[in-house]
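Asks: Sequence:
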Amino acid sequence: MFAMTLSCVRQQQLILFSPKNCLLPRRRNRTFREVVAMRTVVQRVKSASVTVEGDEVARIGAGLLCLIGIRAEDGTKDANFIGRKILNSRLFTNKSTGRSWDQSVMQQQQEVLCVSQFTLFNVMKGNKPDFHLAMQPEQAREFYQTFVDSLRQQYSAQKVHDGRFGAMMDVLLVNDGPVTIILDSESPKG
Numbered sequence: 001m002f003a004m005t006l007s008c009v010r011q012q013q014l015i016l017f018s019p020k021n022c023l024l025p026r027r028r029n030r031t032f033r034e035v036v037a038m039r040t041v042v043q044r045v046k047s048a049s050v051t052v053e054g055d056e057v058a059r060i061g062a063g064l065l066c067l068i069g070i071r072a073e074d075g076t077k078d079a080n081f082i083g084r085k086i087l088n089s090r091l092f093t094n095k096s097t098g099r100s101w102d103q104s105v106m107q108q109q110q111e112v113l114c115v116s117q118f119t120l121f122n123v124m125k126g127n128k129p130d131f132h133l134a135m136q137p138e139q140a141r142e143f144y145q146t147f148v149d150s151l152r153q154q155y156s157a158q159k160v161h162d163g164r165f166g167a168m169m170d171v172l173l174v175n176d177g178p179v180t181i182i183l184d185s186e187s188p189k190g
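Here our numbering is used: the first residue of the sequence shown is 1, the next is one more, and so on.
These aren't lab readings, by the way, just hints derived from the structure by calculation.
The calculated lysine-lysine pairs, modelled on PhoX-like cross-linking and capped at a C-alpha distance of 20 Å, are:
hint : residue 1 : residue 2
1    : LYS159    : LYS85
2    : LYS159    : LYS46
3    : LYS95     : LYS46
Just so we're clear, the structure is a prediction, and the values are computed from it rather than from any experiment.
With these hints in hand, go ahead and build the complete structure from the sequences.
Replies: This is how it looks when you write it as structure tokens:
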């Protein structure tokens with residue numbers, strides 16, 4: 001049986017953690033697992049591509065690969081927040097000054113590749129993932145396309161690419177760093 005022991009200094013006792021008795025922190029009457037936001041995993045990449053059934057549908061050079069998760073309750077406010085963070089987060093080194101974490105994907109004139117990823121909203125029920133928190137496919141398709149179109153309008157239609165919604169995709173990437181951040185639309189600050 002898997003088990004890990006941790007010494008609890010404050011209470012001077014030994015606590016045993018295992019998958020059966022794992023203690024999760026609570027936040028204001030919410031359990032740790034409750035999802036309350038649109039979620040995006042952003043990876044800084046040297047290159048990335050998406051292939052569907054052997055056909056390459058998108059490819060970028062240096063820039064950001066963004067896995068986009070949409071929950072059932074997401075709306076325009078969530079999409080605007082995530083879009084603003086993707087385009088303006090300072091994840092790149094300024095080439096002229098050498099300062100780290102100083103420029104955004106737009107300042108660097110790099111590319112963005114978005115991939116729809118409903119599995120970001122999984123809840124494990126035993127050993128099986130459940131995706132009931134994700135937006136239903138019919139609604140999500142329209143929401144996702146509107147989100148990608150908005151990024152294209154705010155930045156550049158030639159620099160924002162996406163995979164194929166609802167398809168089984170092979171996503172290939174070369175991480176840069178690696179740098180990976182998780183954005184939630186209802187973050188405490190931002």
